[in-house]
Amino acid sequence: MSLRLTALAAALMLAGSAHAADQIKVGLVSTLSGPGAGLGVDIRDGFNLAMKHLNGKLGNLPAEVLIADDQQNPDIAKQTADKFLKKDKVDFMTGIVFSNIMLAVGPAVFQNQTFYISANAGPSQYAGEQCNPFFFNVAWQNDNLHEAVGKIVQDKGYKNVVIVTPNYPGGKDAVSGFKRYYKGKVADEIYTKLGQLDYAAELAQIRATKPDALFFFLPGGMGINFVKQFVAAGLSRDTQLFAPGFSADEDVIKAVGSSMMGMFNSSHWAHDMDNAENKRFVADFQKEYGRLPSLYASQGYDAALMMDAAVRDVKGKVEDKAALQKALEAKRFKSVRGDFKFNTNHYPVQNYYLRAIGKDAQGRVTNKTMGTIFTNHADAYVASCKMK
Amino acid sequence: MIQLVLEQALNGLQFGLMLFLLAAGLTLVFGIMDCINLAHGSLYMVGAYFVAAAAQAADSFWIGLGAGVAGAAVLGLLLELSLFRQLYKRDHLSQVLATFALILIANEAVRWIWGPAALMLNPPEALSGPVEIGGFFYPAYRLVIIAFGLAVAGLLYLLVAKSRVGMWVRAGASNREMTEALGINVQGLFTAVFVFGAALCALAGGLLGPLLAVQVGMGESVLILAFVVIIIGGIGSIRGALVGSLIVGTVDTLGRALLPTLLRALLPADAAATLGPALASILIYLLMAGILFFKPQGLFPARA
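Protein sequences, first through last, are from chains A and B. The opening position of the first sequence corresponds to residue 1 in the working numbering, with each subsequent residue numbered one higher. The opening position of the second sequence corresponds to residue 1001 in the working numbering, with each subsequent residue numbered one higher.
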């Protein structure tokens, strides 16, 4: 008899482990200070706007969003993530901007079997051999936007290109992505220190190389300073600038101003995209924060919607990891970028667009969508991912 | 090629002169008062914030620069009277602890007042483009910075080497007790030197603001470089600070520009791409180690 009772109790306990949670906790660790702060702030604000649209709930459950600043420092990010995982026992994590920080934090998150929904960092490692069931990227794989720029530079017939990027995993991904589709001559590859703000030495080198186009990937404050100094050095007369959307979005345009006009860039999202979700997102973001959203904000917004849809799908039983993974993979939310789906490595398969910076109807300097570069584009690493 | 070398030399000069503005104050405080001031970088940061805030309020870069430098001088005065005066007599450990606390306080205070996002400081419109010098283009604003740096260096030279106050300062640096015994108001001199150092910090912060970004933590990275400069130049020596700044500025700029190219000629491409930037960023520390090996007191020791 007692044996049966024990068995019953055990069965109840096991069943109990998959009961519906009464609250969903999200840990958002992002870069909220320093040169990269603009990116993290936009992710956070986008995420918060989605929470407002969802009435503070994820999948009909009250949600708490814990926000912390990683100061663009992998050690601080790791400590904060550990606290969120162990002490606060969060159900989801999100927010990290930089790939080097993502790679530092990832192992602890995966070991804890917590789902990480990346709203930015999409390192090649997690798309390929180290892909993980607990890692999803709702934005892109790092290479993707660079591949799109490479394709455009190639198609427009430029023959002599200089590449500038920071010396970190995201920068290396940028170069390999760009070169995957640009087949012309690369006159020089310049690797700068992450967080560098003065580019005098590099600009002199570029002047001596005389490229016809320059591809740079310098997120946040780095890009702002680079473009400003590039124009001040008089290089914009002979060299056409190309960049992924990161270095040519609202944060950079606001700081640099009209000297960016005519610059081409690539993105999976644009604020002038014509769908109902996006129109609501852009209008409310402007109302709430008094500025146009950037692609980072759209990614933060989508990350929240993705969690919401998945929690709703599993009816709040977030403890059932396998079911939650299936629900996340199914992607049942409407993204502001239009339709997309997840690949087997949990990275998006989606369209990439060409944008050019110019004046809009109201006279604002901003991005305009010019056309589609890739349709249903997947990343280059998915083949080496053996998802367990 | 000549153009490239010339442009990089100008870049190195510009960077070096800005380092000099910081190192001059640091070396005097360290050399004369025997006080390690880790918060020197914080004065640079706060000064830059003052300049940016004043420039925004007045809608003029130059008014902002003047007001910011004056504000930083006042802050330096208050700090000297309230805190540093107590620290001169203490040992170096107390000084390090107290001024490290100042760094943390300054960073949090700035974050609290101006927020975590960087402030944008734009150069005057007339200087935002390039100018042509003998067939090659160079940013006008960087030329102005070079002019400022040279003017301050010249002024400091006259002040320290030719004036009576400068004589006291040099005397204080080489033998403090003897200077006091000669009846010189060393306490007043200390205050003046500290305030002057703070003003130079704000000048450097304000001038570099449009090139870099005015943000929390901008002081720490530059502080390390300033310490490298005064160690290379010899603690307490203005001449050493100038020479050290120019060496560090030039080596850092040329290293960043030439090392990757040089390595690419010697090594396979991907090894060069990894090694080049890493080596360039530690080059000045290698230089410091080398100079310390041959001249442990620095190039121009104040206390021979």
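Rather than coming from a laboratory, the hints here were simulated on the basis of the structure. Ideal Cβ placement from N, Cα and C applies to all residues, glycine included. Hints may contain errors.
What the hints assert, rightly or not - Short derived list, chain B residues pointing at chain A, Cβ under 7 Å:
#1 A1009
#2 A1057
#3 W1112
#4 P1116
#5 A1117
#6 M1120
#7 K1162
#8 T1179
#9 L1212
#10 A1213
#11 V1216
#12 E1220
#13 L1267
So, going through the hints one by one against the coordinates:
1. A1009: violated (10 Å)
2. A1057: violated (19 Å)
3. W1112: Hint on W1112/B: violated, closest Cβ of chain A at ~12 Å, above 7 Å.
4. P1116: With Cβ-Cβ at 4 Å, under 7 Å, it holds.
5. A1117: holds (5 Å)
6. M1120: holds (5 Å)
7. K1162: Hint on K1162/B: violated, closest Cβ of chain A at ~33 Å, above 7 Å.
8. T1179: violated (40 Å)
9. L1212: holds (4 Å)
10. A1213: holds (5 Å)
11. V1216: holds (6 Å)
12. E1220: Since chain A brings no Cβ nearer than about 11 Å to E1220/B, farther than 7 Å, the hint is violated.
13. L1267: Violated - the Cβ of L1267/B stays beyond 7 Å from chain A, reaching only about 14 Å at its closest.
Hint compliance for this structure: hints 1, 2, 3, 7, 8, 12 and 13 are broken, all remaining hints hold.
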